[in-house]
Each structure stands twice: as structure tokens, then as C-alpha cells.
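Participant: Please build the complete structure, drawing on both the sequences and the hints.
Spelled out from the first residue to the last, the chains are:
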Amino acid sequence: MARNKEALVLLLDVGPSMHGVLQQVENVCSTLVLKKLVYNRSDEIGVVLFGTKETCNELAKELGGYKHVVVARDIKVVDEETTHALQNLPRGTSPGDFLDAIVVGLDMLIRKFGNMKGKQRMCLITDAQHPLRDPPQGTKKEQVDTIADQMKKHEMKMDCIVFRESGVLHNAVMDENDQLLYHFRERSVAKVVQVDSPTSLLGALRTRNILPVTVFRGDLEVSSNFKIKVWVYKKTSEEKFPSLKKYSDKAPASDKFATHEVKVDYEYKSVLEPDTVVPPDQRIKGYLYGPQVVPISSAEWEAVKFKPEKGVKLLGFTDRSSIFRHYFMKDVFSFVPEPGNRKAAVAVSALARAMSEMDKVGILRCVWRQGQGNVALGVLTPNISSVRNVPDSFYFNILPFAEDIREFQFRSFSSLPASSQPTEEQQEAADNLVKMLDLAPPGREEILKPDFTPNPMLERFYSFLDLKSKQPDANVPPLNKCLKRITEPVIDYQAPLIKKLGNAFELKENPKKKKARTQDRLTYTGADDQTKSLDELSAEKAGVLEALYPPKEKVGGIGDHSPVQDFEAMLSQRSSSAWVQKAIEEMQKYITALIQDSPDGDYHRKALECLAALRKACIIEQEPKEYNGFLTKLCQEFRAVDDAKFFQLLLSKNASLISKEEAPDSDVTEEMARNFCLKSEPSSQ
Amino acid sequence: MDLDPEGLFRDDSDEDDDSVQEREANKEMVVYLIDASPKMFTPATTAQADDKETHFCTIVNCITHALKTQIIGRSYDEVAICFFNTKEKKNLQELAGVYVYNVTDREPLDRPDARLIKEFSCIEDSFMSNIGSRYGITAGSRENTLYNALWVAQALLRKGSVKTVSKRIVIFTNEDDPFGGLTGSVKTDMIRTTIQRARDAQDLGLSIELLPLSRPDEEFNMSLFYADLIGLEGDEIVEYLPSSGEKLEDMTNQLKKRMMKKRKVKTLSFAITNDICIEVNTFALIRPTTPGAITWLDSISNLPLKAERSFICNDTGALLQDPQKRFQLYNDKIIKFSARELSDVKRVSSHHLRLLGFKPLDYLKDYYNLRPSTFIYPSDEQTFGSTRVFVALHDSMRRLRRFALAFYGNPTRPQLVALIAQEEVTSAGGQIEPPGMHMIYLPYSDDVRYPEEVHLTSDDAPRATDEQIKKASNLLRRIDLKNFSVCQFSNPALQRHYGILEALALGEDEMPDVKDETLPDEEGLARPGVVKAVEEFKASVYGENYDQEEAEAAATKAGASKKRKALTDAAALKSAAHDWAELADTGKLKDMTVVDLKSYLTAHDLPVSGKKEALVSRILTHLGK
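Protein sequence lines, in the order shown, are assigned to chains A and B. Here the first sequence is numbered in this note's numbering, starting from 51 and rising by one per residue. Here the second sequence is numbered in this note's numbering, starting from 58 and rising by one per residue.
Take these hints with a grain of salt, some might be off.
As the list claims (entries may be wrong) - Heads up, simulated BS3-like pairs for lysine-lysine below, C-alpha to C-alpha not over 27 Å straight-line:
1. A/55 <-> A/284
2. A/295 <-> B/382
3. A/296 <-> B/382
4. A/290 <-> B/422
5. A/300 <-> B/422
Keep in mind that the hints were calculated from the coordinates and are not lab data.
Facilitator: Structure below.
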């Protein structure tokens, strides 16, 4: 097999206790297959299910036993059928025995590849909750030893993912099972991870295999006569969105071998003669220095440029507290002692442990290869291993140079005006929020631990890719529930504490700023529903708002006692334009009712106050048409009636139509506004 | 800069969109107005040092520094330097006491160039003879030099629209009461007109900033005049409190910091709960500075070349317009995507920044890092009350020692982020760390690798003993970098890069010698105490005879190379048996065996890989045939 080709057998527990998360198991395995279809087309994959009702495997046929283990797919080069085999996994009926499954997987690999060397891997996903079958001879631990020996012999590795929902009580069976799995790890043939939420399960399996490549092999020079042999790897590295190729539709449909690729060509043309192409050997690089361009040939530049010597040198140690966390600049490196070199391992271990005890860090200057254009300055921090057969190592983070830091001054919080300082009550509400939204509660696994959190964007891309291969015109699917938990908090918004926080703080939109619909600005219009038309969207939004802010809640409506205050409260409570709309409507209803019910103009003054408040609000909220329309309607309705007094008052209070001068959205000129009052006056007399 | 929902989260932005955006949309024009009255030439400190630095000198240094930084990072910005209270006058308006400083081939307000920096940095030597200093506003004189200076500055800033360019006037002075020498109606009149001048400028969208310098004997008093000029009220004056004159270095630092205008990168909404959504601004406080872009020139005329890009269909060779569709090969099938579909796939969040919860600070592992952090600071510009919520949250997080986990829905790369509450750190020299939160970009599971588990053996990994750890601790104590600060090293490659460019731009022959500050302190490491600690630790982990063992191992390796030498010799001997030139001439090379051919190649230290034809042609090339 090629160096980077891999044969993988998935061992999936489909027993009854796993039914709840089979969907996630399907998803994570599908993603793995999809990525193989994109990046590792020649990898081979086999699928074994255990905990099934049926039994179907070679060992059972030949030797008997190995019940409830089904080979769902033999080891074959990955293809579209592989994804089919992983869709709709059968819901098994018997408790799964993972040791049986491992033996079946091992047997499949040995049968297929014999003594051929190559990357062979098994991946076990189980909850390891049920008692295992007793082996015919010896103990289970001895059986594990035998299996581990076989795996070693054939250079196989195994990833074990143990899923236990939080809240499941630990019992002796689980402990025993865990011990057995950890024994695999101690024999250095397996890696075991425990996860407790479906989301973590999605992130627990490495879905893409990347060959570890060293960045540097050589000496970590503590001083000129003391060096430690280390190998440096990348510890983190961003998995990027696939760089898709540009598509050309020029090839005729009949051409089966068309690549549809696009070649990008650059031509350099002189400014003076735009028609002549300047050949490469007549070009010279110009470096910018302010407005000047300084031409330097490559050879010249090579002669004068900065050329550091290869090597990793220690500058010294310093307190951890003198390096703020936010100074870390890039992805992270890992310094491991040279494999097989005990002395190096001891030296690294001694330094790492001393650093950890004294809370110190090392400062290094690194030039990874000869000819590198710059040095990397960074901080070395200890990584004390908690697993017996994993050596201690270091992490290395790049630090900024003086030129990389921009020193902006910001106002200290203590000098902010009182209006920006939280009150005691508000501070308490914030404290409670921080305490309540605890993502690392005692007694359970950390929630959304980066090491187990999948990338929702990439997950969605690969599933969309697969969907499109079947339905070319498919729409982008929404995020599934487990992935949504990464992007959205799982909070009960009705919890009293959260409500209290909402009540403690008051946020107001700045009315002076141009009214860019807040909701649109602060959120993407319908993250998942771009296909919907705008109308549908706004209708839906209103629906959502209805659900989020039921009309009965908090500021209900406008009461008789203090209508103007109620109205203002409604306006300030709102967090979207829908609330404004609602407040205005309520106020209009109230005013109409007030005038209608006013026998002798008793309530006119009150109605007028309300009208003035409404007018003011409509100017601030830039809804002049609302007011103008309402006022016109009001006049038409009531001018015949004996409400003349009211309109006289209206005039005196200058509560006429809102003109263009007051609100740009209005189509009423100042003159029209003045005339409106005049017009209404005679008619009301 | 206005908030633009489209521009905010551009889908096609690449990694460095921060800096690009900064340069293009946020161009700046600044006029430095420097007081040149005799008062500025008095010693800046009371210290009895031999070389008494003056305020004038401090300012020249600061501006030189600022120009140098600017030419590297933001060379699109334009600068004018202008002195007031001068003997000579040089300005378009022919106003007295104002001197607009410039060098040849440059507009008064223009991008800084090498010559400007070079000449300005040594202006002090020739200042008195060429430009001269005098008291500007004196009793009996009708001249108001401050008024004139503002007038000139405003005129300089006339070009460019305020919508796309931010325009600033920065005044440097140590005179807190410029009209102190006057009395009566002349004084009130002058103050009134000067302030009116400043107001007019501000109405035109120019911002006026003051960098006050305190003299050793007295603090700069803002309330005497300048608070009115720049329009400060109440609390804001505190922010402008001038640096105390005790330590010149502190003052210099503070000036340097204040000269840089804060540039926000983006405005984000930060959803804390469903109905509390506050407004925050993000700033890029730490970003790698890289040598500027390269332009291609015609090597004959040295004129810039225009690059033209064309798209060519690989199958037909036809010229294409910018192709809109992208594709991915999947299971050997071509799957097409439109730009719209791709941007939809990337939009996984409905909010810019959304709070998910909190974790204790020690849950933030050292390897949770991918990119430089981003700083966030609250803003009440569009949502009142944001600052209050932010401050409360900041305080709670700090006291409870938690960081916030949030989801940052940037469509280029939606990501989990950790928000760390940063307490303000100040020293005599001003703010060292501003208060706010740092946003750390966290990796996803697929971004984390486990190199430490690559080479496992069944045996336990070797661990250090307590004795060895003790020796290591001793070593740590010996090689301690006292007062280490992250920004104490400048980037040697960058310094050299710009050093060379500066020299070439000014036509100097001598290449600058840039010191590499990042090399270890050999002298310090050679101190007996350090050497002893190192030796002890080395003996403790490696054993006494390590060097000797190493030497032996090296000797074995040398043995290997000896063997190689022997092989070459044998090959040389073997290849000498043939007359290669003749074989080549008669075309008989192809009749030789591969082994024979290889003996020639080995003897002449040439590669021996490839098929027989390749070997033959390689020999022919080597023989020069």
C-alpha cells in the first residue's frame, strides 16, 4: 500500500443503548467517508456492526460464537455505496460486545492484507455499557493482550470512542470495560476518548487523516554546550474550506474527458505601450518604500537580505504571568523529544516539570530550516503527560515582534461616566449570568471542548456536496440539531435569572443614527432561509417575534391610568421594529376610543397629550406616514361630529401633520401641514 | 466609518482582510502642528543630566518614529508638518509665524517618503538658522500665530472628501496658556476668534487633537484654554491629562501611543441573551507586520508593469469572462457550486457574536490558538447601554476568573472564540494593556493534532526524577530573563528589509548594519554560575560521559561516510577501465550495462537514478557531448 493509503474498519455499536445517538454515528462516519471520497480516493474501508439481532461474519461461520456481529461491508476501496452502508443503520436488539467486534475487525484486516505492511486502522464507537462474553480460556485482560499482540504484529492502530450520556451512572461493568479499553492504550495500540454529548461525538473522530510531518529535527540549544534532541510538529493547524476550482462550461457536453478546469494566465504589460507583453526576464521586482518603488533584482536581494542560521536557541526563562495569553500569534507547535532517545525524553521531562512547578515559560528563537527568511520568536510552555506511555513535551507559541503591536489607548472603565457604570443590582445580575451559564459544571465533561467540537461549516459543506452529487439542484440544508448547539446557546430563556438580566439592563437604539433596521443589521437575514422571498421572511419574523414576545408579557398595552408613560415604556422595551409598530397601533386605538367616548370633550386634553406623544414617537422612529395617515383618518371621521374643540386644541398644540422638514420620509410639505389645520378648522365649525 | 451590513461580513474577504480594509477605507490625513516658541527649547526634565533634551527634540523624535512606522504599515496616509511661532514664514496664505516644513519632490500634504524622514530627523541642527523661533503671541503684537496655524492646517487639509478620509490636526505644545501675555479686550477677542477658528474646522469634519507636554515645574493645565479649543467637557478632560514631566521616556512613550489613531476593524453585535444584544467594536492590536507588496517593473525603464489576468478554458483554450461557478471533484464526479450556494453554506450563525457560556480560565489550553487575537471594546454609538452591560460582564468574568465562550459567525470562517476579560494595566508611562476583552480564536477538533502520540512504545515513557527536576529548577532560576516584555525585540528581517530599502531610496551606497536582537545573550550564558547550573543539569539527565558518548556516536557516523568514500573509490577504479569519451563517440554507451553506467556516475558524483536512457544522456551531458 502506498505510504499515505489507509485501510480502515469501522466497528459500530448499534445495540439498544446506542439507539439515541445512532444518527450522530451515521453522520460522523458519513463525513469520514465523504472526505475520503474527496481527498483519499484509494483508501479502503470496511464496516462492522455489533449488537445486531443477526449474526454474519466469517469467524462465526468457521468457528462459531461471535454472535450479533454483522459485517455490513467488506474492506473495499471507498465508493458511494460506502455511504449507503452507513445510512439507516439497523437498530440492534442485543447488547454489544466490543471485544468480539474488535476480533472480527482484526480478522478481516489480516485476511485481506496478510503480512502486507501499511496503514491499517480500526475505529470503535460504543458505549461499553454491557458485560462482555467470557473468553473460552484465560481472562478478558489476557484476551486483550493477545489482540494487542496481533495488532502490534500487523502494525494496526485503533481509535476507541466511548459515548456515555451525562447522567448515566457508572457501574462495575462499565469500569471493567473501561479498564480493558485503557489496557489497549497502555499497550500503545489504541487511543481512547470519552464523550458525553452527541455534539462531541461528531467531533471525536478524526475524519481526515493527515500525515504528521516534522517542521524541525535537531537540537534545542539551551546553551552552547547543552543541547536536547527534539522533533517539532504542528500541534494545531486550521483545516481550511476546500479551495474549489473555477468551472468552465465551454467544453461540449459530448466530451466525456473534459476537465472543465480554468487556467489563469497573467501577462505583464508596459504602461507606455499597453500592447506589448514584457517577457519574464525583462521584469524586475520593485519594493515599496512609501510612495517610492525601489527596483532590486533577485540576485541583489539575495546578497543583502537577512539570512539567519538554522537552529533553535533558548534565550531564557521568564514568569508565565509576563506573557499574556492574547500575545499568541499563530497556530501552535509541539516539541517532542527525539523518538527512541531516552536521554532527550528525560531532559525534556525534567525541564517541563520544573517549568510547570515554578510557573515559568521559556523564550526561544527558532529558525526551522536553512534559508528561512526570518526568525520565529516564541514561548515554550510545558505539556505534562497524564498517560503513562506518552512522553512529556512542550507547546510552542509564536510571539509578536515590536513592530506587530499597535498601542492604542482606550478609556479606562473606571473613568467612564456614571451612566455607563453598572449599578449594584446590574452587577449582581451579570455575576449570576456568569455563574449560571457554566460550561464546565463539576461532575461532567466540559461542554464544547475544542478538541471534540466539529467545524459546523465544513460538516455542512461535505453533506451538501454529497447531496448535490445526487440532486444537482438541491438547496443548502439547514444545520442539524447537534451542530446548532455549537452556534447557539442552550439556554432556557424563560429562566428567572435570564429574565432578570434582561430587565436589569436597558438597551436603546440611538435615535440620531440613521435608522438601519436594527434586526437586519444585527443578524443575517434568515441564516438558513435565503431561498424564501422577502415577504415570507418578514411574515415569518413577525411570527417569531410573536413567539418571543407574547403580547401579554411585560408591557401589555396602554392603560387608562397613564397612557403616555405606557406608550413610552412600550417603545423603550421593544427590541425590534415590530414592537414600535405594535406600540403605535395600540396608541392609535386608544386615542380613537378616547375621542369617541368623550361626551363633552372631557377627555380631549388627554387625547391631545397622547396624540402629541404619538407624534413625537413617529418623528423619532421615522414613521411619519403612520401619524399623518392616522391624523387624516381621525379628522375625516370626527369633523362632522361636534368635536370642534378638539381640533382647535390640536391647532394650538401644533400637533399637525409631520412635514418633510421634521422627518425625511414624510411626503407632506410644511405648507401642506399648515394648510391641514386650516382646512380642518372651517370644516369643524 | 459607517456600519455597512454587506461590507462588514464580506464573503470573499481573505485572511488579511483586516489590513486591506484598514488601508483602503480608512485613509488618514494628518497635519502635525508643532509649537516652536523658545519655551519648547528649554530642558524637558529637571534631571541634572549632561545632555538636556528639550521638548522640541522629544517631538521631533516621536514624529520621526511615527513616520517610520507609517511608511512601513500605512504608507497611503498623508502627512504635513507645520511649525508655528517661527521667525520665518512659509505658507500659501503668507501668514506670519507659520512654517510648513517640506522636502523637494513632495506636496506639503503627501505620503511620507524616505527623504522627508531623513531630513526631518535631523532638523534640530539647522532649525534655528533656517526657520528660527520666537514668541508668537505677545502683548502689543496684533499677530495670533495659533490662529494662523489652524488656518494653514485647515487649508492644507482641503483636499479629499471627509467621507472617505479621516482628517486630523495634532497640536504639540507645552504652553497651556498661549494668550497669557495679553490682557483686556485684545485677549478675549483673540481667544474668541481662535476658538471660533477651531470650531469651524471641526464643523468641516477635521478633528483637532492636542498632545500637551508638561514642563518640569508645572503641570499642563487644560482648563486654561485648550479644553475650550478642542471642545472637551467634564470627564473627557481626564482622558487628556498630560503626561507628567518626571520621566522623559514615559512621556515619549505616551506621545508615541497617542499619535496613532485608533482604527476599528469592525462593529459587531454581541448577543448575550436573546434580548440583550450589545454593540462592540473590534480592533487589531496585534497583527504580523510583513514587508510590503511587490510591484513588477520593466527592468529597462524601471516603470511599473500592469498585470493582466485572463481565464482560459483548459479544454478548448477559449478565453472566459471571470467564471462564476466553482467545482469540487467528488467520487470522480464534478459537483458545481454557485457563489451564492457557497456563501449560504458558510453562514452557520444568525448573529455576529453570540455568547454560549463561561468556563474557568485554566480550561483555556496553551494549544488553543490559530491566529492573532482581536481586541473588543464596547460602543454606545448605536445601541445605548452597551458599555454598561459590557463593563458589568467584564467585571464579573474577571472576579470569577472565567472566560466566555462565544460563537463568532464570520462567514469566511465561523469559529468558536474565547473572550478573556483584560484588566487595565498602567504604569507611569501610561496605559500598557487597555481594558476590554481579547478574542482568542479556538481550533475545532479537526484542527488539533496529536504529535506527542505518534511515536509510542509499549514501555512507559521516561520521566524525570525529583533530583533531575530540582536541577532543572536551579537552571531555570539561573537563566531568568528579568523584566521580559513581549515587545522588546524588533523583527530582524523586517528591520533589514526596510533598512536596505531606505538606503537604496536615498541613493546611499552603504548597506545598513541591522543588529539581530533575537540572538541569545552569549555573555550572560557564559557566566560561571550559569555554566555550573547547566553542567549539573546535563550530568543529571545525560550522565557524566555524555559528550564522550556523543563523540563516539559521531565517529561511527564518520565510519559510515568512510564506507561511502570507499564505494566511490571502487567505482572510480571500475569506471577507469573504460574509455568513456570513445564509447560516447561511437554510440556504444547504450550497449553498456546499467551497473557499468552507474559506476561512471558514482565516480563523478552524479545522480544514479532513472532509466537507462536517462543515465546515458546524463553521461553524455557530463562529457559535454
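Participant: Does residue 422 of chain B lie within 27 Å of residue 300 of chain A when you go C-alpha to C-alpha?
Facilitator: 51 Å, violated
Participant: For a C-alpha distance cap of 27 Å, please report whether residue 290 of chain A and residue 422 of chain B respect it.
Facilitator: The hint holds at about 22 Å.
Participant: Starting from residue 55 of chain A, check that the Cα of residue 284 of chain A is at most 27 Å away, please.
Facilitator: 21 Å, holds
Participant: Between residue 296 of chain A and residue 382 of chain B, does the CA-CA distance stay at or below 27 Å?
Facilitator: With a Cα-Cα distance of about 6 Å, the restraint between residue 296 of chain A and residue 382 of chain B holds, given a limit of 27 Å.
Participant: For the pair supplied as a hint, residue 295 of chain A and residue 382 of chain B, confirm whether the alpha-carbon distance does not exceed 27 Å.
Facilitator: Given that 27 Å is the threshold and the Cα spacing comes to 9 Å, the pair holds.
Consistency note: the structure conflicts with earlier hint 5 alone.
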